[in-house]
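Quick note, the sequences are listed as chains A and B, same order.
Quick note on our numbering: the first sequence kicks off at 1 and runs consecutively.
Quick note on our numbering: the second sequence kicks off at 1 and runs consecutively.
By construction, these hints were calculated from the structure, which means they are not laboratory data.
The reader is advised that the hints may include incorrect statements.
[Stated by the list, open to error] Stretch-level coverage of chain A by chain B, calculated; a stretch enters the list once three of its residues show a Cβ under 8 Å from a Cβ in chain B:
#1 55-64
#2 102-115
#3 120-128
[Unchecked claim] Straight line, CA to CA, 16 Å or less: simulated EDC-like cross-link-like pairs of lysine to aspartate or glutamate:
#4 A:Lys141 <-> A:Glu26
#5 B:Lys158 <-> A:Asp68
#6 A:Lys66 <-> A:Asp111
#7 A:Lys163 <-> A:Glu26
#8 A:Lys113 <-> B:Glu98
#9 A:Lys89 <-> B:Asp134
#10 B:Lys158 <-> A:Asp139
#11 B:Lys110 <-> B:Glu98
#12 A:Lys70 <-> A:Glu112
#13 A:Lys90 <-> A:Asp68
#14 A:Lys27 <-> A:Asp53
#15 A:Lys153 <-> A:Asp68
#16 B:Lys66 <-> B:Glu98
#17 A:Lys90 <-> B:Asp134
#18 B:Lys113 <-> B:Asp134
[What the hints assert, rightly or not] Okay, the calculated bits of chain B under chain A, using three or more residues with CB under 8 Å as the criterion:
#19 23-29
#20 34-45
#21 147-156
Quick caveat: nothing in here was measured; it's all calculated off a predicted structure.
Where is the CB? At the ideal position from N, CA and C, for every residue including glycine.
Listed below, chain by chain, are the residues.
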Amino acid sequence: MKKLYKKTLVAALISLSVLFVFAATEKWRYTAPMIFVQVVADGNGGCSAAGLDTNGLANIFWFDNKGDIKYSSAPNPGFISGIIQSCSKKQLVYMSMIPMPLLVQVNQKRDEKPVVSLGGFLYGRPLPAMIANTSVFTDNKGFFVINVNTNAKTTAVVRYTYK
Amino acid sequence: MKNFTFIVWLCIAVTASCIKISAATEEWSVDGQQMIYQVAADGKGGCVLIRSETNSVFSILWVDKKGAEIYEAVVSNASIISCSNKQLVYSDNLNDSEIVQVDSKGGTTKISKPDEEAYGSYLGNMMPSTVMSDKKGFFAVKMDVLISRQQLVRFSNK
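Bound-form chain A, shown alone (with noise of 0.2 Å):
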């Protein structure tokens, strides 16, 4: 009996410390009635993403490691599903569409620079490009996921850390 109930603990100890092992943790989420179409991490916690309102217009969102926003775009019209070009903790680079395709840098002081090539303009990806999955889900301690909660018409965009 004595030997069952040892068994026993073990079991349920080994189960519980794989539970704790494997669990991923949910450490923020932003939640917005728009649809969240493209998501890009800076590679240490935080990303941007870029979502569409319910007018149609395309909102860029950047996010630090705690899930608060560093900057936050104004709606864009003309969307396409790769608007963010790249995004680290210190900068953010995506396109406008305002008043033509114009591509902006942001800065960690949220300062907003046209990137200027005379001549022509620029579009940061190739067209074809655009209509890949031009997102980054993971970094090295975690991943995000977009979220959809069809009962209140919104999603989410929500940072889990692997453990």
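Once you have looked at the hints, place chain B on chain A.
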């Protein structure tokens, strides 16, 4: 005539102010021909791109951090698999379905199996993935309105 001179000076002033407030600096550019399909940064300031000419001839171009050509080849249904400053790997269907490995001197090694077709990434040539940035800068496709051709432009972050 006075009006014309005023407009010219206004254009110069606006351009100059744009350049001044722009933080990213244009370093170099390469010809993207009629259309650029795929770009992959090598992580060290260089990149590889797949482009097509108006007669639908596709080519792959690998350039170093100064925009100088390392390797160029005509390709068909090609897809970039990986790129560093030491090595490029891509799939190609020009002669046979094969994987092509290119070293930093432009030397190629081709890998193909008689009973297999090597696609690299599935639908990679139709919906290509791109890597547009590295630690020090980023790449952007530019439509040159004067010649109606595309260019791939390298910008440093500062």
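Inset, instruction - Tell me if chain A covers the segment 34-45 of chain B under the three-residue, 8 Å CB rule, please? - result: Our answer is that it holds, as 5 residues pass the Cβ test (under 8 Å) against chain A, meeting three.
Inset, instruction - Mind checking the alpha carbons of lysine 163 of chain A and glutamate 26 of chain A for me, to see if they're no more than 16 Å apart? - result: Measuring from Cα to Cα gives roughly 9 Å; hence the hint holds.
Legend entry - Outcome, coverage of the segment 55-64 of chain A by chain B - at least 3 residues whose beta-carbon is closer than 8 Å to one in that chain: With 0 residues closer than 8 Å to chain B, the segment 55-64 of chain A misses the three-residue bar; violated.
Legend entry - Given hint aspartate 139 of chain A paired with lysine 158 of chain B - CA-CA distance at most 16 Å: violated, 25 Å
Legend entry - Distance restraint between lysine 141 of chain A and glutamate 26 of chain A, which requires alpha-carbon spacing of 16 Å or less: holds, 12 Å
Inset, instruction - Verify the proposed pairing of lysine 158 of chain B with aspartate 68 of chain A, using a straight-line Cα cut of 16 Å. - result: violated, 26 Å
Inset, instruction - Below or equal to 16 Å on CA atoms is what counts here, so check lysine 70 of chain A against glutamate 112 of chain A. - result: Roughly 12 Å separates the two Cα atoms, so the pair holds.
Inset, instruction - Measure nothing beyond the straight line between the CA atoms of lysine 89 of chain A and aspartate 134 of chain B; if it is 16 Å or shorter, mark the hint as holding. - result: Holds. Lysine 89 of chain A to aspartate 134 of chain B sits at ~13 Å (cutoff 16 Å).
Legend entry - Pair hint outcome, lysine 110 of chain B versus glutamate 98 of chain B [Cα-Cα no greater than 16 Å]: holds, 7 Å
Inset, instruction - Tell me if chain A covers the segment 147-156 of chain B under the three-residue, 8 Å CB rule, please? - result: Since 3 is at least three, the answer is holds.
Legend entry - Verdict on chain A covering the segment 23-29 of chain B, where coverage means 3 or more residues with a C-beta closer than 8 Å: holds (count 4)
Legend entry - Given pair status - glutamate 98 of chain B, lysine 66 of chain B, alpha carbons within 16 Å: violated, 29 Å
Checked against the numbered hints given earlier, this structure breaks hints 1, 5, 6, 8, 10, 14, 15, 16, 18; the rest are met.
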